[in-house]
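K.L.:
In the order they appear, the protein sequences are chains A and B.
If you read the first sequence in this note's numbering, its first letter stands for residue 1, the second for the next number, and so on.
If you read the second sequence in this note's numbering, its first letter stands for residue 1, the second for the next number, and so on.
Derived by calculation from the structure, the hints in this document are not laboratory data.
Capping the alpha-carbon separation at 25 Å, the derived lysine to any residue pairs in SDA-like fashion look like this:
hint: 1; chain 1: A; residue 1: 5; chain 2: B; residue 2: 296
hint: 2; chain 1: A; residue 1: 26; chain 2: B; residue 2: 319
hint: 3; chain 1: B; residue 1: 88; chain 2: B; residue 2: 120
hint: 4; chain 1: B; residue 1: 137; chain 2: B; residue 2: 98
hint: 5; chain 1: A; residue 1: 44; chain 2: B; residue 2: 158
hint: 6; chain 1: A; residue 1: 44; chain 2: B; residue 2: 178
hint: 7; chain 1: A; residue 1: 13; chain 2: B; residue 2: 272
hint: 8; chain 1: B; residue 1: 137; chain 2: B; residue 2: 201
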Amino acid sequence: MGKRKPSFEEALKQLETIAEQIEQGKIGLEESITQYETGMALVKHCREILSRAEQRIQKLHEREDGTLDTSDFKPSQDT
Amino acid sequence: MIDEPFDPTRVRVPPEEGLDATAGHVTVSQVTDMVKRAVERGLPSTLHVVGEISNLKRHGSGHLYLTLKDKFSELSCVMWRSSAARMKFTPADGLEVIATGAVEVFARAGRYQLYIRKLEPRGIGALDLAFRQLREKLEAEGLFEQRHKRPLPRYPRQLAVVTSPTGAAIADILRTIERRYPCVSVLVYPVLVQGPGAPEEIARAIERVNSGAAALGEIDLMIVGRGGGSLEDLWSFNEERVARAIFSSRIPIISAVGHEVDVTIADLVADVRAATPTAAAEIAVPALEDVLNAVSERANRLARAMHNGLRLGGAALDGITARGAFRQPLTAAHRRAQVLDLVSQQLGQSLPRRVADHGGRLDRLGRVLGRIAPEAFVLRTMLTVREIEHRLRWVVVQRHAEANAAVAFCAARFARLSPATALRPFSERLERLSFAISVSTRRRIAELKRRVDKERELLDALNYKRVLGRGFSITRTKKGRRLVRSAAEVKDGDRVVTEVAEGSFESEVVNVRQLELFE
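Construct all of the structure, not just a fragment, from the sequences and the given hints.
P.N.:
Here it is, written out as structure tokens:
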């Protein structure tokens with residue numbers, strides 16, 4: 001998969017491509033097996049991304065120099 | 001303040017120095033002042049004047065000058081910059097308006113004017129008009145065109161929400177995101193969403209998120225909005241500044257302002273308009289369940305494809321191994337050998353035949369050539385000659401045989417004849433003849449004999465052996481067996497062989513001397 005983990009979208013797209021290749025028999029059996037392994041690694045990667053369940057919510061505020069900083073955000077309901 | 005009707009008699013005229021009030025003379029200023037006081041007293045401090053704008057002039061200072069008119073009259077109006085800046089819409093000639101303000105006298109010009117504090121379009125609200133006007137302007141610039149809409153990421157990793165930190169909107173958005181897709185990070189940029197300064201804050205927040213996105217680990221998507229409220233409450237999202245900030249954003253923006261029915265300029269410029277903040281969150285992120293299903297579906301599809309691929313491969317393998325070539329690997333070889341045999345057999349038959357054919361043709365050709373070739377001609381001639389010779393010989397032999405036969409026949413006839421009778425004449429004659437022959441022959445023989453003896457004697461005399469017998473010898477060189485006739489023919493050291501009457505001997509030459517030296 002290379003050094004950089006693909007984004008979820010890239011991973012899905014790659015999965016799609018691999019499935020198509022194997023389905024259409026465009027690649028040989030050995031290559032299919034390699035691709036299948038890659039595909040399964042991608043599936044795992046996708047599930048990992050999705051299982052990062054804690055929703056991270058932070059507040060942005062502007063520093064004096066104009067750049068942004070983050071801090072914990074606690075939503076309150078008073079309108 | 002003053003509600004009683006205007007009464008000119010109640011206008012106080014200030015005492016003017018140097019002027020006799022009793023004489024009935026007043027100055028221009030006095031008149032103006034009287035009018036001013038009368039107007040201030042007699043007119044309500046706030047008037048809502050309905051009329052049509054004409055002669056609109058926007059001064060460099062920011063003040064507006066215009067005339068309000070109706071069918072019968074005209075009214076000069078002034079709107080100071082401070083008031084004009086608060087105006088939501090843009091006034092224009094011909095526009096029916098309601099001008100709110102007070103009539104005052106402008107002493108220098110000696111005229112009265114309506115000082116407009118607030119100008120509103122007539123028939124529709126000012127905000128409505130402002131909205132229409134801004135929409136038309138931005139539309140003319142192409143800001144709402146579909147080609148400017150950026151696509152939304154399907155699976156955002158981090159998104160920013162520009163809204164009030166305390167409103168219902170942010171709560172709705174966060175709740176919805178948590179429910180649907182808890183694997184996304186949310187950055188909340190708190191802003192004022194209504195009141196003075198709100199448009200600036202919103203616009204600035206959008207710009208900041210764009211410029212700071214990289215430092216924050218990339219922001220895939222932005223939601224800009226607020227919860228429901230009056231048109232005035234939502235007005236910030238109809239501000240040109242906000243609209244331009246949204247348009248300039250690199251990050252795709254979902255607008256979520258108010259409720260379903262509220263459409264703001266921000267909504268028109270945004271890449272996607274959501275009816276409500278909740279809807280915005282639903283658009284922003286997919287449902288995790290759906291995504292997981294999609295992943296599983298792909299995983300299954302992949303596994304299925306792989307399984308099929310393997311099954312097909314296996315089947316193909318089975319098919320191949322089931323074929324004769326693998327079950328009886330030699331069959332193919334045998335079949336080939338058979339073919340080879342057949343072919344070689346055919347060759348064996350055809351080849352000699354073809355060679356013979358060619359040979360025959362070659363012979364014919366040779367014969368043709370032979371007829372032409374000179375060697376053949378010579379040969380043929382020779383053959384002809386031989387044949388003739390042969391025939392001739394045969395004829396000779398035959399003739400010879402015939403002759404012999406004839407002789408034999410004759411001899412036989414002669415033998416059968418009585419010798420006495422037959423041969424008498426012959427023997428007599430023979431006798432005579434033999435006598436004659438014998439005399440002459442004897443003579444001749446004797447003569448010949450003498451001649452022969454004479455010759456022999458001569459020959460004996462000539463025979464060198466006899467010379468040797470008389471004590472002479474013959475000397476030859478050993479090499480070459482040359483006769484040595486002169487001493488000059490040999491030199492010292494040569495070996496010579498000397499032949500004498502009885503035998504020979506070898507000797508070496510010494511003291512060769514020439515003949516003259518000898519004498």
